[in-house]
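Full structure from sequences and hints, please.
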Amino acid sequence: MDLWFSEMHTPDVKLSLRVDKQLYSQKSDYQSIDVLETPEFGRVLVLDGNIMLTERDEFIYDEMITHVPMAVHPKIENVLVIGIGDGGVVKELTRYDQIQSIDLVEMDEMVAEACRQYLPENASKLDDKRVHINYGNALKYIRKFENKYDLIIVDSNDPFGPSEGLFTKEFYGNCYKALKEDGIMVNQQGSPFYQEDAVAMQRSHKRIASTFPICRVYQAHIPTYAAGYWLFGFASKKYHPVDDVDSKRWASLNLKTRYYTSRLHVGAFYLPAFLEEMLEEVE
Amino acid sequence: MPGFELDQSNAPIYEALETFRNMRVVPFDVPGHKRGRGNPELTRFLGQQCVGIDVNSMKPLDNLCHPISVIHEAEDLAADAFGAEHAFLMVGGTTSAVQSMVLAVCKQGDEIILPRNVHRSVINALVLCGAIPVYVNPDVDKRIGISLGMQREKVRKAIEEHPNAVAVFVNNPTYYGVCSDLRAIVDMAHEAGMLCLADEAHGTHFYFGENLPVSAMAAGADMSSVSMHKSGGSLTQSSFLLAGPNVNEGYIRQIINLTQTTSASYLLMSSLDISRRNLALRGKRIFEQVCEMANYAREEINQIGGYYAFGKELINGDSVFDFDPTKLSVHTLDLGLAGIEVYDILRDDYDIQIEFGDLGNILAYLSIGDRVQDLERLVSALAEIRRLFKKDPTGMLSQEYIEPDVVLSPQNAFYSKKVSLPLEQTLGRICAEFVMCYPPGIPVLAPGEKVTDEILQYIGYAKEKGCSMTGPTDPHINNLNVVI
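Heads up: the sequence lines are chains A and B, in that order.
Every position in the first sequence, counted from 1, becomes a number in my numbering once 9 is added.
Every position in the second sequence, counted from 1, becomes a number in my numbering once 235 is added.
Please keep in mind that the hints were generated in silico from the structure rather than gathered at the bench.
Keep in mind the model is a prediction, meaning the values are calculated, not measured.
Glycine included, C-beta positions come from ideal geometry on N, C-alpha and C.
One should not assume that every hint holds.
Unchecked claim - Now the in silico label distances, taken between C-beta atoms and shown as ranges:
1. K23/A / N245/B: 40 to 46 Å
2. E445/B / K138/A: 33 to 39 Å
3. K23/A / T708/B: 41 to 47 Å
4. L281/B / G276/A: 37 to 43 Å
5. D57/A / R582/B: 27 to 33 Å
6. V251/A / K519/B: 58 to 64 Å
To be verified - Derived, one-sided and incomplete: chain A residues facing chain B with beta-carbon distance under 7 Å:
7. I142
8. R152
9. N156
10. K157
11. E179
Structure, rendered in C-alpha cells:
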C-alpha cells in the first residue's frame with residue numbers, strides 16, 4: 010500500500026511524506042492530533058494537519074530557539090516556555106545548570122500525553138525537578154506576572170489556529186511586563202516565503218517591534234516547515250543578540266550541538282535582502 | 236422553561252428553500268442575477284450557496300406581505316418558541332419592529348409613556364405618527380454614570396398624570412443590560428387601560444436561557460421587538476415582532492406593510508427560521524455558556540485593577556430590578572480613560588472590535604459565537620491598556636443623564652420651518668433634529684427639545700473624545716437645525 014501524508018503549504022504547494030503507519034489520531038478540545046511513523050523523518054507530530062515536529066529535524070528548531078538567547082544573556086535563571094511539544098526545548102534548557110526554574114504552559118494536555126507516549130525520547134526531561142508544568146491558556150497565565158522571568162520562549166503553533174492569541178500585541182505586551190528589566194523573549198516567527206505566511210510574519214514582527222526596544226529576526230533551515238525556511242524573533246529589553254553574544258562563555262559550557270554554533274549564531278542574523286525589506290516596512 | 240406545543244425541530248422556510256433548490260426551477264422572474272449567473276463577481280464573493288437562494292416570493296416559498304404557507308408556519312413556530320400569541324418575521328431590522336409596534340398603538344396626538352433612554356427608532360416612530368412622548372426620567376447610577384431602568388413610582392406617577400396615554404414603553408433590557416420591573420409595569424399599564432410595549436433588541440436570550448431576567452411575553456407585555464440578529468445568531472437586519480393576546484394580528488400586519496419591503500430577502504427569513512430552531516432546541520445550554528464566559532471575564536477584568544466590570548451587584552429592587560449577566564460592560568473612567576478611548580485603542584492597537592464605548596464605559600457583546608480564547612485576548616489587552624495608557628482621571632466627564640426639556644412634539648419640531656445655526660448659537664433654541672452617539676443610538680437631543688448649556692458641553696466633550704456623533708443634517712455636527 011502506498012500511503013502518503015500531505016501538508017498544504019499554500020493552496021498550490023504541498024509537502025508529502027510517505028507514511029509507514031499512523032500511530033495516534035485523536036481530537037482534543039482545541040485541535041486534531043496525529044502521530045505518524047515515516048521512513049524519512051521518523052515519528053512526526055501533526056496538529057490540525059500541520060507538521061509540528063519530526064524526530065529527524067526537530068533538533069534544529071530546539072537548538073536555535075534556546076542556545077541563541079542563552080549565549081547572549083549572561084545570567085538566565087528563570088525561564089518560561091509556552092508550548093510543550095515533545096519536550097525538546099525543555100531538554101535543551103535542562104542542559105544548563107545555571108537555570109533554576111523552567112515554567113511550562115501548555116494549552117492542550119492531550120498533546121503532551123500523545124508526545125509522552127509516542128515521542129518519549131525528549132519527554133523524560135519534563136520530569137526534571139526544575140520543570141513546572143501548567144496546563145491552560147498562556148495569555149491568562151502570563152498576565153498575572155511582573156518582573157519575573159529572564160527568558161520567555163514562545164514555542165507556538167502557527168498563527169491561524171488555536172495559537173492565534175500568541176501572535177498578538179496584548180500577548181507580547183504581557184510578556185514584556187513579565188520579563189525582568191534585562192529579559193529576552195524568543196518566539197518562532199513563521200516563514201517569510203509564501204504570501205500568507207509572510208503577511209502573518211510581518212504582522213507579528215510589527216507588534217513585537219512596537220513593544221520591545223530591541224527586536225531582531227534570525228533564520229534557520231528546517232526541512233519540514235513551509236519552504237524549509239524558518240524564522241525566529243529575538244526581542245529584548247537590554248541585550249543585543251549579536252553585539253552582546255558571549256561566545257567564550259558559551260564555549261566554556263562545552264555543550265555539544267548539531268546545528269547551533271557560535272559562528273552560526275552571528276550568521277543567522279544576516280538576512281536576505283527581500284526579508285530585510287519586509288521587516289523594515291513594518292518597523 | 237415550559238415545553239413547546241409545536242415541533243421546534245422543523246424549519247419550514249429553510250426546508251422549502253432546500254426543496255426549491257433541488258427542483259432547479261428556471262428563473263424568468265426577479266432577482267435579475269438569476270441564481271448568481273448574471274453577477275459572477277458577487278457569486279465569487281458571497282458563494283453560490285448564498286446567491287442561489289436569493290429568490291423572490293412565489294407560491295412554494297410564500298410571501299411575507301401576506302403569509303399563508305411556509306412563512307406562516309415559521310411565524311407560528313416562532314410564536315410558540317417565544318411564548319407569544321403571534322410572531323412576525325421582520326426584515327428591516329429591529330428598527331422596523333419598534334416602529335411598527337409604536338405605529339400600531341399610537342396615532343396623531345396620542346400620548347405614550349417611555350423612558351428617555353430609548354433607541355432613536357422609538358422617537359423616529361413618534362415623528363412618523365405624531366404621538367406625544369411623556370418621558371419618565373430613568374434613574375442614574377452615579378458611580379458608573381449610566382442610565383438605569385424606570386422606577387415603579389415614577390411610572391405610576393406618569394400614568395396618573397397622563398391617564399389618556401395609550402401605552403407604556405419599556406427597554407428590556409437597556410444596552411447595558413439593566414431591566415426595570417417589567418411585570419409590575421405591565422400590571423400598572425393594564426390596570427390603567429394602557430398597553431405595554433417592550434424593546435427587547437438586547438434581550439432575545441431571555442426567552443431561551445435560564446436564570447435570566449423575565450422576557451416581555453412572559454411578563455404579559457402586549458408587544459415586543461426582538462433583535463434575533465444580536466444575541467440570537469441570525470443575519471444582520473433580521474428580527475421578530477412578538478404580539479400578545481390583546482392586540483389584533485391582522486391590524487399589526489397592515490401596519491407592518493405600510494413601510495416594509497415587498498421583496499423580503501429569503502436569506503434573512505431563512506436565517507430567522509434556522510436561528511429560532513437552534514435556540515428552541517439548544518438555547519438553554521448556549522446561554523448558560525455565554526453567562527459563564529461573561530462571568531469569567533468580569534472576574535478577570537476586575538482583578539486587573541482600575542476597571543470595573545459591573546454585574547448583578549447593581550440590582551436594587553427597582554430601577555435595576557434585574558441585570559442581564561451576558562452583557563460585559565466595563566467602567567473605565569478611574570484609569571483616566573473615556574470608554575470611547577479604550578474602544579478606539581482596542582481596535583487600532585489590538586485588532587479587537589467591541590460593541591461600543593461611551594464617555595465612561597465600554598461594552599463587549601458576548602453571544603452564541605464567542606470563544607474563551609478570544610476573551611483571554613480581550614482581558615489581556617485591557618491589562619495592557621492599563622499598563623500603557625493609565626492617567627490621572629481628574630476632569631473626566633461621565634455619562635450624565637440630561638433631563639430633556641420637551642417643548643414641541645417630535646413630529647411638529649421635525650416638520651416645522653427651521654434654520655441651521657452654528658452649535659454655539661443654538662443655546663435656548665428648540666432642536667429640530669436628533670443628536671446622538673452611535674452606538675448606542677440613544678438621543679442626546681430629539682426633535683422638539685430645548686438646547687441647553689449642559690447639552691452643548693456634552694456634545695463638545697463627546698466629539699473631542701472621538702465619539703461618532705450622528706443625527707443632524709450637518710455630518711460634522713458643527714451646525715444644528717433649530718425651529719424658527
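Right, here's what the structure says about each hint:
1. K23/A / N245/B: 40 to 46 Å: 43 Å, holds
2. E445/B / K138/A: 33 to 39 Å: 47 Å, violated
3. K23/A / T708/B: 41 to 47 Å: Since K23/A and T708/B have Cβ atoms about 58 Å apart, the given range 41 to 47 Å is violated.
4. L281/B / G276/A: 37 to 43 Å: 50 Å, violated
5. D57/A / R582/B: 27 to 33 Å: Between D57/A and R582/B, where Cβ atoms are some 28 Å apart, the hint holds.
6. V251/A / K519/B: 58 to 64 Å: 59 Å, holds
7. I142: 19 Å, violated
8. R152: Hint on R152/A: holds, closest Cβ of chain B at ~5 Å, below 7 Å.
9. N156: 12 Å, violated
10. K157: Hint on K157/A: violated, closest Cβ of chain B at ~15 Å, above 7 Å.
11. E179: E179/A check passes; min Cβ-Cβ to chain B is 4 Å, inside 7 Å.
Of the numbered hints stated above, those contradicted by the structure are hints 2, 3, 4, 7, 9, 10, listed in ascending order.
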